[in-house]
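Asker: One-letter residues, chain by chain:
There are 2 protein chains.
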Amino acid sequence: MKAIHVTDERTLELQETDTPILKDGEVLVRVRVAGVNRADLLQAAGHYPPPAGESEILGLECAGVIEDPGTTGRKAGEKVACLLAGGGYAEFVAVPEGQLMPIPEGYSFAEAAAVVEVATTVWSNIGMLTGLEAGQTILIHGGAGGIGTFAIQMAKHVGATVAVTAGSAEKLAACKALGADILINYREEDFAEILKNKCDRILDIMGAKYLPGNVKALATGGHQVTIGLQGGVKGELNIGLLLAKRGTISATALRSRDRADKARIVASTVENIWPLLEDGTITHQIHATLPLSDAQRAHDMLKAGEVTGKVVLLIDA
Amino acid sequence: MKAIHVTDERTLELQETDTPILKDGEVLVRVRVAGVNRADLLQAAGHYPPPAGESEILGLECAGVIEDPGTTGRKAGEKVACLLAGGGYAEFVAVPEGQLMPIPEGYSFAEAAAVVEVATTVWSNIGMLTGLEAGQTILIHGGAGGIGTFAIQMAKHVGATVAVTAGSAEKLAACKALGADILINYREEDFAEILKNKCDRILDIMGAKYLPGNVKALATGGHQVTIGLQGGVKGELNIGLLLAKRGTISATALRSRDRADKARIVASTVENIWPLLEDGTITHQIHATLPLSDAQRAHDMLKAGEVTGKVVLLIDA
Ligand SMILES: NC(=O)c1ccc[n+]([C@@H]2O[C@H](COP(=O)([O-])OP(=O)(O)OC[C@H]3O[C@@H](n4cnc5c(N)ncnc54)[C@H](OP(=O)(O)O)[C@@H]3O)[C@@H](O)[C@H]2O)c1
Ligand SMILES: NC(=O)c1ccc[n+]([C@@H]2O[C@H](COP(=O)([O-])OP(=O)(O)OC[C@H]3O[C@@H](n4cnc5c(N)ncnc54)[C@H](OP(=O)(O)O)[C@@H]3O)[C@@H](O)[C@H]2O)c1
Numbered sequence: 041m042k043a044i045h046v047t048d049e050r051t052l053e054l055q056e057t058d059t060p061i062l063k064d065g066e067v068l069v070r071v072r073v074a075g076v077n078r079a080d081l082l083q084a085a086g087h088y089p090p091p092a093g094e095s096e097i098l099g100l101e102c103a104g105v106i107e108d109p110g111t112t113g114r115k116a117g118e119k120v121a122c123l124l125a126g127g128g129y130a131e132f133v134a135v136p137e138g139q140l141m142p143i144p145e146g147y148s149f150a151e152a153a154a155v156v157e158v159a160t161t162v163w164s165n166i167g168m169l170t171g172l173e174a175g176q177t178i179l180i181h182g183g184a185g186g187i188g189t190f191a192i193q194m195a196k197h198v199g200a201t202v203a204v205t206a207g208s209a210e211k212l213a214a215c216k217a218l219g220a221d222i223l224i225n226y227r228e229e230d231f232a233e234i235l236k237n238k239c240d241r242i243l244d245i246m247g248a249k250y251l252p253g254n255v256k257a258l259a260t261g262g263h264q265v266t267i268g269l270q271g272g273v274k275g276e277l278n279i280g281l282l283l284a285k286r287g288t289i290s291a292t293a294l295r296s297r298d299r300a301d302k303a304r305i306v307a308s309t310v311e312n313i314w315p316l317l318e319d320g321t322i323t324h325q326i327h328a329t330l331p332l333s334d335a336q337r338a339h340d341m342l343k344a345g346e347v348t349g350k351v352v353l354l355i356d357a
Numbered sequence: 041m042k043a044i045h046v047t048d049e050r051t052l053e054l055q056e057t058d059t060p061i062l063k064d065g066e067v068l069v070r071v072r073v074a075g076v077n078r079a080d081l082l083q084a085a086g087h088y089p090p091p092a093g094e095s096e097i098l099g100l101e102c103a104g105v106i107e108d109p110g111t112t113g114r115k116a117g118e119k120v121a122c123l124l125a126g127g128g129y130a131e132f133v134a135v136p137e138g139q140l141m142p143i144p145e146g147y148s149f150a151e152a153a154a155v156v157e158v159a160t161t162v163w164s165n166i167g168m169l170t171g172l173e174a175g176q177t178i179l180i181h182g183g184a185g186g187i188g189t190f191a192i193q194m195a196k197h198v199g200a201t202v203a204v205t206a207g208s209a210e211k212l213a214a215c216k217a218l219g220a221d222i223l224i225n226y227r228e229e230d231f232a233e234i235l236k237n238k239c240d241r242i243l244d245i246m247g248a249k250y251l252p253g254n255v256k257a258l259a260t261g262g263h264q265v266t267i268g269l270q271g272g273v274k275g276e277l278n279i280g281l282l283l284a285k286r287g288t289i290s291a292t293a294l295r296s297r298d299r300a301d302k303a304r305i306v307a308s309t310v311e312n313i314w315p316l317l318e319d320g321t322i323t324h325q326i327h328a329t330l331p332l333s334d335a336q337r338a339h340d341m342l343k344a345g346e347v348t349g350k351v352v353l354l355i356d357a
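Chains as they are written, first to last, in our numbering: chain A, 41 to 357; chain B, 41 to 357.
These are calculated hints, taken from the structure and not from any lab test. Model, not experiment: these values are computed from the prediction. Glycine included, each C-beta is placed from N, C-alpha and C at the ideal position. Wrong hints could be hidden among the right ones.
[Stated by the list, open to error] Within a straight-line C-alpha distance of at most 27 Å, the following computed DSSO-like cross-link-like pairs (lysine-lysine) qualify:
id : chain 1 : residue 1 : chain 2 : residue 2
1  : A       : Lys238    : A       : Lys285
2  : A       : Lys249    : B       : Lys216
3  : B       : Lys216    : A       : Lys274
4  : A       : Lys249    : B       : Lys256
5  : A       : Lys42     : A       : Lys119
6  : B       : Lys236    : B       : Lys249
7  : B       : Lys274    : A       : Lys249
8  : B       : Lys216    : B       : Lys196
9  : A       : Lys236    : B       : Lys256
10 : A       : Lys249    : A       : Lys285
11 : B       : Lys256    : A       : Lys256
12 : A       : Lys274    : A       : Lys238
13 : A       : Lys256    : B       : Lys343
14 : B       : Lys42     : A       : Lys256
15 : B       : Lys274    : A       : Lys285
16 : B       : Lys115    : A       : Lys274
17 : B       : Lys274    : A       : Lys238
18 : A       : Lys343    : A       : Lys285
19 : B       : Lys249    : A       : Lys249
20 : B       : Lys196    : A       : Lys274
21 : A       : Lys285    : B       : Lys119
22 : A       : Lys274    : B       : Lys343
23 : A       : Lys285    : B       : Lys216
24 : A       : Lys236    : B       : Lys274
25 : A       : Lys274    : B       : Lys274
26 : B       : Lys343    : B       : Lys216
[To be verified] Interface residues of chain A toward chain B, partial, derived using beta-carbon atoms under 8 Å:
id : residue
27 : Pro91
28 : Lys274
29 : Gly287
30 : Thr288
31 : Thr292
[Stated by the list, open to error] According to the in silico footprint, chain A covers these stretches of chain B (three or more CB under 8 Å from chain A):
id : segment
32 : 247 to 258
33 : 287 to 300
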């Protein structure tokens, strides 16, 4: 099969490679569209190796058609969206059955591939972990990103007040169009001062760099979840201030979870989020669709900060 | 009435003062025994002022008899244990009705006064907040202290493996007698190395100083709760390591909560913990009983690290 290979010069090239061999409980999916994630950039740069035993090929989400159901009771020809530990930038990928989702009704392969990672990540953190409720205020860092554009919509649906950070007026306008209430340009304004003691929930992607500001922004009983480390790993925590606020800081990742845990999250996401996709409450945000052979260009766009929402790669283009 | 007064030299003296005037929803309790807490030492030293509107007198827990039920439906003469925002080191204290508990069956006033703070603190953090479960491993720092001696017993009752730190062989022996499985002398051993990646829960009282070690000791999905800041307020957090473990850090305090929140915790503690006191599953740990006029000596004992369990002050001695 054809798949994206990371060269020694850390560029992405389409090459011929072996089709994956199924393990027990996996199905072989013919990929139609793969989603691009920031983690793919890290992996391509050599900083984010796949979990032990998982595909070395990039790609954490896709949509396609079951080619071989293996030992599962699935049917060949079934259309599926897939949460992957790796392997999406390819013609075929092996997927544990628990990580298969139906294509949301009315969704194309591209649209489905664009929501898998963001839906599971946002729901597992904002919904399952922190239990965001109506009337609460949530700060979403990087509101115009793939995660951010989805998180804004989910939080508004719950009935929360949504504050976002983004790096330009255009990106903030995109956040506003999705429902964001408080718009903060992180290049010009101090989010922590503006939101001091106001945030019941924070969805953080900066890690160390924003730790002091996030703790300052937390409200009494507030809960921050860090899912990205774009601002580094080691930071100062004023645990005295956290105690005065009775606050909580969690940090999570989806990819490193075991298959049972992923299956639990996938099932809960389909149950709680798929209906909101199907009735249009939450919309997919595809910024660009490129052929798989242009994977390098897709990465360059993300690196340059040009993207609002998601980029996806067409395999059968 | 007589009450303990903190002099300008920061010593404790029994003096004459005004009996509290009841606000709506409060009862007047004639204190028989007051519990001593480490927070009282902080307050006496001028570092831990009471929440706005609460008594300036020391004392966060007591047991006694309702003298005046005020506007509540309670009866004068009823024996009660009380969670206080302050005021326990005195002959009388005003108590919001939601902070009244029954005296556990078979318990003396002294025994009841010795369990209020530790029971509510341990249950609200280990039980209500982190949901400790059978089979999990919990690290309890300061296992021989007031909080620690109670927490060990509660965790063993749940079916957890219990690791403790303490500062001497004698104190570790006391922890062992209460059920602790893994005994670590913090003056001689590195708890984080011994327990690396092993702790599903950590009950922490050191704050900043133990932050790196606690994160190292956390297991995947682990949850640390800091309730004390004996090792300072600002520390380094490796949020990258926390993310790799999908860990959570909470920090909480009981005293600063509003009355509704305290009432919620008190009710849940009586429901879940009182039966365990009454059937002997969890035992009170009174290290010493002193007259109220000896409050200074009680504080000196705690300061010197001489105490295993709790010290209580007899008002009617
Ligand atoms: N732990 C997990 O399970 C998990 C799962 C999925 C994603 N993630 C992580 O979540 C993050 C977002 O993912 P994504 O797919 O949404 O990536 P993305 O689309 O590339 O978005 C990156 C975002 O970072 C924002 N950003 C950069 N510097 C910032 C700053 N100083 N302050 C605030 N925002 C800043 C960008 O804002 P502008 O474009 O406006 O400058 C952009 O919105 C990434 O770090 C990713 O690795 C984690
Ligand atoms: N946030 C809340 O709601 C809340 C409520 C109650 C208590 N607390 C806090 O919880 C802590 C314990 O309260 P307590 O009533 O149990 O006080 P305590 O009886 O005076 O106990 C203090 C404990 O600290 C231990 N300790 C001192 N240095 C240590 C170190 N380097 N490593 C590990 N342990 C160390 C002592 O161990 P050794 O005696 O063995 O040296 C002792 O067990 C205090 O900080 C208190 O303020 C908080």
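Asker: Please go over all the hints and tell whether each is borne out by the structure.
Answerer: Okay, the hints, checked on the actual structure:
no. : hint                 : in the structure
1   : A:Lys238 to A:Lys285 : 11 Å, holds
2   : A:Lys249 to B:Lys216 : 42 Å, violated
3   : B:Lys216 to A:Lys274 : 36 Å, violated
4   : A:Lys249 to B:Lys256 : 21 Å, holds
5   : A:Lys42 to A:Lys119  : 21 Å, holds
6   : B:Lys236 to B:Lys249 : 17 Å, holds
7   : B:Lys274 to A:Lys249 : 15 Å, holds
8   : B:Lys216 to B:Lys196 : 11 Å, holds
9   : A:Lys236 to B:Lys256 : 30 Å, violated
10  : A:Lys249 to A:Lys285 : 20 Å, holds
11  : B:Lys256 to A:Lys256 : 25 Å, holds
12  : A:Lys274 to A:Lys238 : 25 Å, holds
13  : A:Lys256 to B:Lys343 : 32 Å, violated
14  : B:Lys42 to A:Lys256  : 42 Å, violated
15  : B:Lys274 to A:Lys285 : 15 Å, holds
16  : B:Lys115 to A:Lys274 : 56 Å, violated
17  : B:Lys274 to A:Lys238 : 22 Å, holds
18  : A:Lys343 to A:Lys285 : 36 Å, violated
19  : B:Lys249 to A:Lys249 : 20 Å, holds
20  : B:Lys196 to A:Lys274 : 35 Å, violated
21  : A:Lys285 to B:Lys119 : 34 Å, violated
22  : A:Lys274 to B:Lys343 : 34 Å, violated
23  : A:Lys285 to B:Lys216 : 34 Å, violated
24  : A:Lys236 to B:Lys274 : 19 Å, holds
25  : A:Lys274 to B:Lys274 : 13 Å, holds
26  : B:Lys343 to B:Lys216 : 23 Å, holds
27  : Pro91                : 11 Å, violated
28  : Lys274               : 5 Å, holds
29  : Gly287               : 6 Å, holds
30  : Thr288               : 4 Å, holds
31  : Thr292               : 5 Å, holds
32  : 247 to 258           : holds (count 3)
33  : 287 to 300           : holds (count 9)
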